[in-house]
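Participant: Sequence:
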Amino acid sequence: MTQPLAAPSARPFAFQAGMLLLLVVSYAGLRVLFFPGFVLDDSYVTYRYALNLVEHGTMAWNPGEDPVEGSTSFLWVVLTVPAIALGIPAALWSSILSIGFMAAVIWSLAGLCRTLPWPDRLVLCGALALSAPMALHSTQGMETAAAAAVVYWVSLCCSRVIRGDRGVASFLLLAALMLAATLLRPEMAIFSAVLTLALAAMLLATDRRALRRLLVGYLPVIAVGLGYFLWRYSYFGYVLPNPAYIKSGSGLSPDGIRMMLNFLLWMVLPVTLYVLYRTRGALRLGPVWPVIVGISALLAYQCTIQPIQGYEFRYQAPVFPAILLCLVIAMRRAPTGLAPLPPRAILLAVLACLLIWPVLRLPVVRAEALARTPADRTAVGRALQGVEGAALFTSEAGALPYFSRWRAYDHLGLTSEEVVHEGLSCALFESWQVDVVMLLVNPAIISNEIYDVPLKCPSMARFEPITATRKTARASHIWYVDSSSPRAAEISLALKNATGVQHLDTAHIVGSLGAP
Numbered sequence: 003m004t005q006p007l008a009a010p011s012a013r014p015f016a017f018q019a020g021m022l023l024l025l026v027v028s029y030a031g032l033r034v035l036f037f038p039g040f041v042l043d044d045s046y047v048t049y050r051y052a053l054n055l056v057e058h059g060t061m062a063w064n065p066g067e068d069p070v071e072g073s074t075s076f077l078w079v080v081l082t083v084p085a086i087a088l089g090i091p092a093a094l095w096s097s098i099l100s101i102g103f104m105a106a107v108i109w110s111l112a113g114l115c116r117t118l119p120w121p122d123r124l125v126l127c128g129a130l131a132l133s134a135p136m137a138l139h140s141t142q143g144m145e146t147a148a149a150a151a152v153v154y155w156v157s158l159c160c161s162r163v164i165r166g167d168r169g170v171a172s173f174l175l176l177a178a179l180m181l182a183a184t185l186l187r188p189e190m191a192i193f194s195a196v197l198t199l200a201l202a203a204m205l206l207a208t209d210r211r212a213l214r215r216l217l218v219g220y221l222p223v224i225a226v227g228l229g230y231f232l233w234r235y236s237y238f239g240y241v242l243p244n245p246a247y248i249k250s251g252s253g254l255s256p257d258g259i260r261m262m263l264n265f266l267l268w269m270v271l272p273v274t275l276y277v278l279y280r281t282r283g284a285l286r287l288g289p290v291w292p293v294i295v296g297i298s299a300l301l302a303y304q305c306t307i308q309p310i311q312g313y314e315f316r317y318q319a320p321v322f323p324a325i326l327l328c329l330v331i332a333m334r335r336a337p338t339g340l341a342p343l344p345p346r347a348i349l350l351a352v353l354a355c356l357l358i359w360p361v362l363r364l365p366v367v368r369a370e371a372l373a374r375t376p377a378d379r380t381a382v383g384r385a386l387q388g389v390e391g392a393a394l395f396t397s398e399a400g401a402l403p404y405f406s407r408w409r410a411y412d413h414l415g416l417t418s419e420e421v422v423h424e425g426l427s428c429a430l431f432e433s434w435q436v437d438v439v440m441l442l443v444n445p446a447i448i449s450n451e452i453y454d455v456p457l458k459c460p461s462m463a464r465f466e467p468i469t470a471t472r473k474t475a476r477a478s479h480i481w482y483v484d485s486s487s488p489r490a491a492e493i494s495l496a497l498k499n500a501t502g503v504q505h506l507d508t509a510h511i512v513g514s515l516g517a518p
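This note's numbering applies: residue 3 is where the sequence shown begins, and numbers increase by one.
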C-alpha cells in the first residue's frame with residue numbers, strides 16, 4: 003500500500019524544529035571544535051571579485067585590467083556583494099548564508115518525513131544534520147551549501163510536477179531553480195539538462211498538454227539564461243569561468259572516480275541500505291526518476307574532471323540532500339508497506355551505527371581542513387597591505403591577493419585568460435613585472451616541475467629568497483623579492499616582520515624546492 007505524502011500531526015513542526023536545531027548546533031559545534039576559523043583559500047577568490055565589484059564596479063581580478071572570471075560561482079560572488087558593501091566580514095557572511103541554506107533544506111526534508119516512523123525520520127535527517135563533510139562545506143566560505151539547497155529544491159519541484167502539479171507556474175519555478183543552480187556551479191547545467199530531457203520524455207508519453215506548458219514555463223528562463231551567457235561571453239570572452247577549463251579533462255580521471263566512489267561509500271550507501279531494508283527492496287522512485295537520471299549524469303561527468311580542491315566530496319556534496327529526498331519519497335511510496343522494525347535493542351544499535359557513521363569521517367575532514375589552511379598567506383597578505391603599487395605571482399590565488407590588495411597572478415590561470423587557455427610562458431610572466439613570487443613547497447603532493455615557469459625565466463635571476471613560512475606540518479611557502487624593485491627593501495622588511503606566522507629556515511626550503 004502506498005503511503006500518503008502528507009498527514010496531519012498533533013505537533014506538526016516539533017520534529018522539524020528539532021532537526022533544525024540539531025543541524026545548526028552540529029555544524030557550528032563541529033566548526034568551533036575541529037576546524038575553527040577555517041576558510042578555504044578559494045573562498046577569498048570569490049571575496050576579491052565581490053570586493054572589486056563593490057569598489058571598482060568591475061569583475062576584473064586586477065582593477066584596470068580586462069575582466070576575467072577566476073571564481074567558479076558567479077551567483078556566489080553576487081550574493082557576497084552585500085556583505086562587502088555593508089562592511090560585514092565576507093567569511094562570516096558566507097558561513098551564515100550557507101548554514102541558512104542547509105537549515106531550509108533540513109526543515110523541508112524533516113517536514114516530508116513527518117508521516118514516517120521516528121527511526122526512519124532520524125536516519126534520513128540525521129544523515130544530513132550530522133554529516134561532518136557537509137558541516138565543513140557549509141562553513142568554509144564556498145557556494146557548496148547554496149548549490150546543495152538549490153539542487154534539492156529543483157528535485158522537490160520536479161517530484162511535484164510528476165505527481166500532478168503541472169501548471170505553467172510550476173515549470174517556470176523549476177526552470178528558474180535550474181538556472182540558479184547553474185549560476186552557482188556551471189556543471190549543474192548537465193544535471194538540469196538531463197533532468198529536463200527525462201521529464202520531457204515522460205510527459206511526451208503521458209501528458210502532451212503538460213509538455214506544452216513546460217515549454218511555455220521554460221521559455222522566459224531560457225531567454226534570461228541565453229542573455230546571461232551572451233553577456234558573459236561579450237564581457238569575459240568565454241562562456242565558462244576559468245576554473246571550469248582548468249578542471250576539465252579528456253577521458254576518465256582516477257582522482258575523480260576515487261572521489262565519487264568515496265562519496266557513495268561514506269555519504270550515500272549506509273542510508274540507502276537502510277531504506278532498501280525498510281522498503282523490502284522495492285524503491286518506487288517514480289516521482290523523482292528524472293532527478294536520479296540527472297544526478298547520475300552529473301556524477302558520471304565528475305569522474306572525468308581533475309578535482310582540484312574537491313576534497314571531501316565538495317563537488318558531489320550538492321546532490322546529497324536531493325538523494326535523501328529521493329529516499330524519503332521512496333519510503334513513503336513503499337508498495338507493500340514498510341518492513342517491520344527489529345527489536346528495540348537491535349534497532350537502537352542500528353540507529354547508533356547509522357548516526358555515528360557520518361561523524362566517523364571527522365578526523366579526515368579535520369585533516370583536510372588543516373592541510374588547506376590559508377593562515378600564513380592571510381598573515382603575510384595583511385603585512386603587505388601597506389605597500390602600494392606592488393604586484394605578486396602566487397601558487398595559490400586566494401587569501402594573499404585578497405588581504406594584500408596587490409595586483410596578482412597565478413600559475414593555474416584562475417586570474418589570467420592567457421594562462422588557462424595558452425599556458426604560462428616566460429614572456430607572459432616577465433610582462434607582469436611582479437615584485438614578489440610566492441611558491442608552495444610540498445614534495446609529497448605536488449611536482450616542482452610546475453614551477454619551471456617562473457623559476458627558469460631569466461628575470462628570476464633578480465629575485466632573492468627573503469623568507470619561508472609554514473603552511474602546514476608538511477608544506478611551506480617560499481617568498482622571493484625582486485631585488486631591483488624600488489619597493490624591495492620595504493617588501494622584504496614586511497615579509498620578515500610578518501606576525502601570526504611561523505618563519506622557517508629559508509635556505510633549507512629553497513633547497514628542497516630545487517630552486518636557484
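Hint data in this document are derived by calculation from the structure and do not stem from the laboratory. Quick caveat: nothing in here was measured; it's all calculated off a predicted structure. There could be a bad hint or two in this list.
To be verified - Simulated restraints, written as ranges between beta carbons of each label pair:
id	residue 1	residue 2	range
1	254	284	27 to 35 Å
2	266	90	55 to 63 Å
3	495	361	28 to 36 Å
4	229	23	39 to 47 Å
5	308	387	50 to 58 Å
Heads up, the beta-carbon is just placed ideally off N, CA and C, and yes, glycines get one too.
Participant: Quick check: which numbered hints come out false for this structure?
Facilitator: The structure breaks hints 2, 3 and 5; every other hint is satisfied.
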